[in-house]
Amino acid sequence: MDWLEQELKNTLARKDPPPDFAGRVLRGAGRRVPSSVWRHSRWLAAAAAVVVITGGAAAWREHRGLVAKEQVMLAFRIAAVKINHIQAHIQEAAR
Amino acid sequence: MTALRPLALLAAAAAVLSAQQLKFNLDYLAAKATDSVDLSLNGATLQFAARFLSSKDADESKVKKMIASLDGIYIRTFEFKDAGAWSPADLEGVRQQLRGAEWSRIVGVKSGQEGENAEIYVRSENKKINGVAILVSGPKELTIVNIVGPVDLDSLASLGGHLGIPKVEITKPK
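Chains as they are written, first to last, in numbering that gives the first Met the number 0: chain V, 0 to 94; chain D, 0 to 173.
I should point out that these hints are in silico values taken from the structure, not numbers from a laboratory.
As the structure is a computational prediction, the values presented were derived from the model and not from experiment.
Ideal Cβ placement from N, Cα and C applies to all residues, glycine included.
Any given hint could turn out to be false.
Said to hold, decoys possible - Now the in silico label distances, taken between C-beta atoms and shown as ranges:
1. Glu-78(D) <-> Arg-60(V): 32 to 38 Å
2. Lys-22(D) <-> Ala-58(V): 31 to 37 Å
3. Asp-151(D) <-> Trp-42(V): 51 to 57 Å
4. Leu-73(V) <-> Pro-149(D): 18 to 24 Å
5. Ser-54(D) <-> Val-51(V): 28 to 34 Å
6. Val-51(V) <-> Ala-82(D): 53 to 59 Å
7. Lys-126(D) <-> Arg-60(V): 36 to 42 Å
From just these sequences and the hints, can you work out the full model?
Structure (structure tokens):
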């Protein structure tokens, strides 16, 4: 067994927990979250929800605006194409 | 509240119909068409869209100015694969409305070769133009445009060369 093996064996060797370990874990699990922390986290959650909702609404509004803009541009494109087409016919007939 | 919902819907529908000067229900043609466009943009939608049109972009700024005074744009276009997919009777309902005293036809073009018809009507009230209707029909095409509000046809035509529309040079007769 070389030194490295020995080191690994020592490091990975099973060690028993300190005597009060189980008691400390159980006490920690049973400890109640202080009410101020709970209150703050509720406010944080509410604030996060407001940010998400506001951001979502703004993004949706932006999306609707861009769709409306594209529809308006398409409408003008169609109308202008038709008027130009009619003008071309008139010009042709005038020749 | 639920009892009021139908009334609210009726009121909304009435508002839409009152803004639109021409009523055209040609939905049944969409099934036969290879391409169709249905645009119903009321005044509120136009003003909302105007906020998203850039004043710095030449094309968008032109359109923005034009829609500022408009109350609506309603368009139906159909393109068909074969001729005869639509009949003149489909247009009769629209033409009948355009026979009203407030409408006058300012342009009518008939192309015998291509079998195309194109007409422009203007609607006036108190000697002021408050609407335009454009009807273009061909064997494989049908387009109805109703622009509600004070329309400047020259401005509309001047969009040729913009928005990806080829410019048509109009030479005035000497």
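Q) When the hints from earlier in the document are held up against this structure, which numbers fail? A) Checked against the structure, no hint fails, so every one of them is satisfied.
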